[in-house]
Amino acid sequence: EAQVTQNPRYLITVTGKKLTVTCSQNMNHEYMSWYRQDPGLGLRQIYYSMNVEVTDKGDVPEGYKVSRKEKRNFPLILESPSPNQTSLYFCASRLTGSQFDEQFFGPGTRLTVL
Amino acid sequence: GEDVEQSLFLSVREGDSSVINCTYTDSSSTYLYWYKQEPGAGLQLLTYIFSNMDMKQDQRLTVLLNKKDKHLSLRIADTQTGDSAIYFCAESRGHYGGATNKLIFGTGTLLAVQP
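Residue numbers (the working numbering), protein chains in the order written: chain A, 76 to 189; chain B, 1193 to 1307.
Bear in mind the hints are in silico, worked out from the structure with no lab data behind them.
Each residue gets a CB set at the ideal place from its N, CA and C atoms; glycine is no exception.
There may be inaccurate statements among the hints.
Said to hold, decoys possible - Dumping the calculated SDA-like pairs for lysine to any residue here, alpha-carbon to alpha-carbon at most 25 Å:
| no. | chain 1 | residue 1 | chain 2 | residue 2 |
| --- | --- | --- | --- | --- |
| 1 | A | K93 | A | S157 |
| 2 | B | K1228 | A | R119 |
| 3 | B | K1228 | A | D134 |
| 4 | A | K146 | B | R1285 |
| 5 | B | K1262 | A | K146 |
| 6 | B | K1262 | A | G115 |
| 7 | B | K1228 | A | Y85 |
| 8 | A | K132 | B | T1222 |
| 9 | B | K1259 | A | T187 |
| 10 | B | K1259 | B | L1237 |
| 11 | B | K1259 | B | T1273 |
| 12 | A | K144 | A | L189 |
| 13 | B | K1228 | A | N82 |
| 14 | B | K1228 | A | Q78 |
Said to hold, decoys possible - Label pairs and their calculated CB-CB ranges:
| no. | chain 1 | residue 1 | chain 2 | residue 2 | range |
| --- | --- | --- | --- | --- | --- |
| 15 | A | T90 | B | Q1249 | 31 to 39 Å |
| 16 | B | E1206 | A | I152 | 42 to 50 Å |
| 17 | A | L189 | B | G1207 | 18 to 26 Å |
| 18 | A | T171 | B | E1206 | 37 to 45 Å |
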């Protein structure tokens, strides 16, 4: 089944404790991105990647890192999480960066930073 | 500004029509989208419209686009309880001379369908 998977689905952590949220897609998509969803703000893009070893900042990159060593994986790293990073995170992928390609979303990771 | 705006909440009765509205900002957006987010799930693409169209119909869904006013709407006919979800509109904005684009999402509208 074609899908985007994320792990973990739920995470509660404390300020300053490094964490990684994994994202994987099995559709051979080149373009992957991370969003955070906050009430009243919709989805905002954190980082995106056009292909392996090509990443760039989205609209709200502060406090996050990403890597793209393989085409299928695009982990989101919080080196020192803070409470304002408490949010619902979505990974997404599409075939290329073109607007003609449909974007597929993962099921989301709900992160709470105490 | 950058914002894509939607009303936060809409309540309808089962069987009625629902109309969810959205205003966007970038007149050069070539595609506009509607996504549906069911509880505990990611977003799924419902439908989209190309900017040279005024209307698109797909079964119970009708999308209307008013480019002059930068207004997009989604009409759901014969709304069912299974349509209860958050609906996001999104516009595409180009990067790097069109080689890629990113989606700018609205704030989302929670549709509650009363039986």
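Structure-based check of all given hints:
no.: 1; hint: A:K93 <-> A:S157; result: holds, 10 Å
no.: 2; hint: B:K1228 <-> A:R119; result: holds, 16 Å
no.: 3; hint: B:K1228 <-> A:D134; result: holds, 22 Å
no.: 4; hint: A:K146 <-> B:R1285; result: holds, 24 Å
no.: 5; hint: B:K1262 <-> A:K146; result: violated, 37 Å
no.: 6; hint: B:K1262 <-> A:G115; result: holds, 20 Å
no.: 7; hint: B:K1228 <-> A:Y85; result: holds, 21 Å
no.: 8; hint: A:K132 <-> B:T1222; result: holds, 23 Å
no.: 9; hint: B:K1259 <-> A:T187; result: violated, 40 Å
no.: 10; hint: B:K1259 <-> B:L1237; result: holds, 21 Å
no.: 11; hint: B:K1259 <-> B:T1273; result: violated, 31 Å
no.: 12; hint: A:K144 <-> A:L189; result: violated, 31 Å
no.: 13; hint: B:K1228 <-> A:N82; result: holds, 22 Å
no.: 14; hint: B:K1228 <-> A:Q78; result: holds, 17 Å
no.: 15; hint: A:T90 <-> B:Q1249: 31 to 39 Å; result: violated, 50 Å
no.: 16; hint: B:E1206 <-> A:I152: 42 to 50 Å; result: holds, 45 Å
no.: 17; hint: A:L189 <-> B:G1207: 18 to 26 Å; result: violated, 45 Å
no.: 18; hint: A:T171 <-> B:E1206: 37 to 45 Å; result: holds, 40 Å
Hints 5, 9, 11, 12, 15 and 17, counting from the list given before, are not met by this structure.
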